[in-house]
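Residue numbers (this note's numbering), protein chains in the order written: chain A, 1 to 366; chain B, 1 to 143.
In short, the hints are calculated from the structure, not lab data. A portion of the hints provided could be inaccurate.
DSSO-like cross-link-like pairs, simulated, lysine-lysine; straight-line CA separation at most 27 Å [what the hints assert, rightly or not]: (1) K168(A) x K47(A); (2) K58(B) x K48(A); (3) K168(A) x K48(A); (4) K269(A) x K91(A); (5) K48(A) x K63(B); (6) K93(A) x K358(A); (7) K168(A) x K18(A); (8) K76(B) x K3(B); (9) K58(B) x K47(A); (10) K58(B) x K3(B); (11) K358(A) x K91(A); (12) K47(A) x K3(B).
Residues from chain A that face chain B, not an exhaustive set, calculated with beta carbons under 10 Å [what the hints assert, rightly or not]: (13) R42; (14) K44; (15) G46; (16) K48; (17) W113; (18) V119; (19) W121; (20) H125; (21) D256.
Beta carbons: idealized from backbone N, C-alpha and C, even for Gly.
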Amino acid sequence: MATAKDADRIRPALTLSKEEREVEVPEPRLNWMNQWREWGVRVKPGKKGLTLGSLNVGLYGEIPMNWPDRTRNPRGAIGVTGSPPVAIQIKDKVDLWAPCAADLYEEAIQRRWAPATDVDWTAIHPLPDDVERAICQVCTEICQYAIIDVEVITSWQHQMAYGYHEVKQFLATTSLDATRRHEAFRKRALVNGGGLGYEGPCQVSRLLLESRGGWTETVTGLTLVRGLFTQVMIRYLTRFAHNGVERKIYECVTQDLARLLTYGIEHIKYALAHAPDKQGSIFTTLAIGMRMFNRDLRDPVLREALAIIFGGGIPGARNEGMHVFYEMLDEYVQELLSACQYLRLPVTMEQLPRILQKDQRHLPGD
Amino acid sequence: MAKFPSVAWFDAVRDIYNHDDAMHGAGSGTCDCVVGVQVGREFFQLIFEGFECSEARKVTKAKLDECDFYLHMPSKDWRAMLQNIQEHGHATDNYTLNTLDLDRAEGLSTSTHNDQYREDLFFRYNQTLQFFFNGAARLRTTF
Numbered sequence: 001m002a003t004a005k006d007a008d009r010i011r012p013a014l015t016l017s018k019e020e021r022e023v024e025v026p027e028p029r030l031n032w033m034n035q036w037r038e039w040g041v042r043v044k045p046g047k048k049g050l051t052l053g054s055l056n057v058g059l060y061g062e063i064p065m066n067w068p069d070r071t072r073n074p075r076g077a078i079g080v081t082g083s084p085p086v087a088i089q090i091k092d093k094v095d096l097w098a099p100c101a102a103d104l105y106e107e108a109i110q111r112r113w114a115p116a117t118d119v120d121w122t123a124i125h126p127l128p129d130d131v132e133r134a135i136c137q138v139c140t141e142i143c144q145y146a147i148i149d150v151e152v153i154t155s156w157q158h159q160m161a162y163g164y165h166e167v168k169q170f171l172a173t174t175s176l177d178a179t180r181r182h183e184a185f186r187k188r189a190l191v192n193g194g195g196l197g198y199e200g201p202c203q204v205s206r207l208l209l210e211s212r213g214g215w216t217e218t219v220t221g222l223t224l225v226r227g228l229f230t231q232v233m234i235r236y237l238t239r240f241a242h243n244g245v246e247r248k249i250y251e252c253v254t255q256d257l258a259r260l261l262t263y264g265i266e267h268i269k270y271a272l273a274h275a276p277d278k279q280g281s282i283f284t285t286l287a288i289g290m291r292m293f294n295r296d297l298r299d300p301v302l303r304e305a306l307a308i309i310f311g312g313g314i315p316g317a318r319n320e321g322m323h324v325f326y327e328m329l330d331e332y333v334q335e336l337l338s339a340c341q342y343l344r345l346p347v348t349m350e351q352l353p354r355i356l357q358k359d360q361r362h363l364p365g366d
Numbered sequence: 001m002a003k004f005p006s007v008a009w010f011d012a013v014r015d016i017y018n019h020d021d022a023m024h025g026a027g028s029g030t031c032d033c034v035v036g037v038q039v040g041r042e043f044f045q046l047i048f049e050g051f052e053c054s055e056a057r058k059v060t061k062a063k064l065d066e067c068d069f070y071l072h073m074p075s076k077d078w079r080a081m082l083q084n085i086q087e088h089g090h091a092t093d094n095y096t097l098n099t100l101d102l103d104r105a106e107g108l109s110t111s112t113h114n115d116q117y118r119e120d121l122f123f124r125y126n127q128t129l130q131f132f133f134n135g136a137a138r139l140r141t142t143f
């Protein structure tokens, strides 16, 4: 509390000198007040509230095919001339756009969850040692995938023009989704007497991290190779969940990943529709991605851990567990080919690595 | 008590779903899609808008075209799923929408239009849809 002595000390500092009192304060010109590109906008909330997409009215809804302004000027505002350019490299709509980005952003915000409090961690119970170790190993690899996702997405985000804020905002939610995925799986690994296991081989991760050619090509790897496989794997983990903790995590993560996949597939679709010549680079990226994925699949650690989970333990891993593992790969292939068909990418089963071809793979014991 | 499948049954489940905040919390939330349900040779349409399932109606097979995706199973499989939900209070093991979709050769969710964006709503809203059908646990269902 200030004392009378303190007040005496402060007062002289607040007392203005004669010169200071005579400093002329100019009359406000307020000339900025009539400088609007469009005034009188009155967006009304709908059933879903006041959504990001609903703000796209009048000139604020004009989303040009090219955004040459390399500043942080928000779309629809009057830019300041002479601003030094920032490191924005992606200035063409075709290189990042997906028409659903604003809706996906709203969906991500609406359907958020918090692993700390939304998962009933008390529902965890001890599992056989082999199963717990297998789950912890899978959690480790999914944590690693999530870290890579964050790093990849954020390394591109700042290069995207502010004229396409819907995409930038949505991608911000995917970074959060990925950090939450990392959080949730790390917590699962450490909550039941286990711990983190081996780092995975990560050939696909390296491809994603080193992808510098274009965001569309990076999205191809992020979506069709890593994302789709992770989603199918987590859907299978849901099927074999041991408790409500795992089930809740897997279910929420499936939804989070589905949004990223939707953005990715819709972006590739948009890119192919407006720049058909991109098909070559997308196809090549996918082919390289498949080779990297094939190398990752040669590593036995994830395969064995999943087989133990699917088989209910080491004894069941060799037959039932591996059978489900390959069934999971078949599901991934089905989803991949379905997405490629939707995108009109000429990908066939024969072009995929042999381990992904049901009729070509060699099962243990064959 | 309501007979499955019927509009009355779906309305009763809608009422449970629309008034239980727990079904709209973490990982769920707003949901906007048109879901078709095929039970044997009967067809229904569920409209999800924001936090509610606003309408259930019986439709012809042709109306499945208007659905973002539809869930299809023979009557006996729907019955098994609902009995599992009633027994446990929610779907377990092989009776969740996710597992039914994985286990069935033809899947559970499909569409007539092959529009992946609309089909993927099944995954984006999976928990909401599961909550909706889990609502059947609080309803006496006859078949």
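(message) Interface hint check: W121(A), Cβ to nearest Cβ on chain B, cutoff 10 Å. Holds or violated?
(response) At 13 Å from the nearest chain B Cβ, W121(A) fails the 10 Å test, so the hint is violated.
(message) Given G46(A) as an interface hint, is its Cβ closer than 10 Å to any Cβ of chain B?
(response) holds, 9 Å
(request) Measure nothing beyond the straight line between the CA atoms of K168(A) and K47(A); if it is 27 Å or shorter, mark the hint as holding. (result) Given that 27 Å is the threshold and the Cα spacing comes to 25 Å, the pair holds.
(request) Closer than 10 Å between Cβ atoms is the bar; does V119(A) clear it against chain B? Give me holds or violated. (result) Result: holds, 8 Å to nearest chain B Cβ.
(request) May I ask you to test the interface hint for K48(A) with respect to chain B, counting a Cβ-Cβ separation under 10 Å as satisfied? (result) holds, 6 Å
(request) Identify whether the interface hint at D256(A) stands, where standing means a beta carbon of chain B within less than 10 Å of its own. (result) Holds - the Cβ of D256(A) comes within 10 Å of chain B, reaching about 9 Å at its closest.
(message) Between the alpha carbons of K168(A) and K48(A), is the straight-line distance 27 Å or under?
(response) Satisfied, since the Cα-Cα distance of roughly 21 Å is no more than 27 Å.
(request) Assess, step by step, whether the Cα of K168(A) is no farther than 27 Å from the Cα of K18(A), and give holds or violated. (result) Distance ~53 Å between K168(A) and K18(A) Cα, so the pair is violated.
(message) Would the hint linking K58(B) and K48(A) be met if the CA-CA limit is 27 Å?
(response) holds, 26 Å
(request) Given the hint that K269(A) pairs with K91(A), test it: the Cα-Cα distance must not exceed 27 Å. (result) holds, 18 Å
(request) Below or equal to 27 Å on CA atoms is what counts here, so check K76(B) against K3(B). (result) holds, 14 Å
(message) So if I understand the rule, the pair passes when the alpha-carbon distance is 27 Å or less; does K48(A) with K63(B) pass?
(response) Holds, at roughly 25 Å.
The structure shown violates the earlier hints numbered 6, 7, 11, 12, 13, 14, 19, 20.
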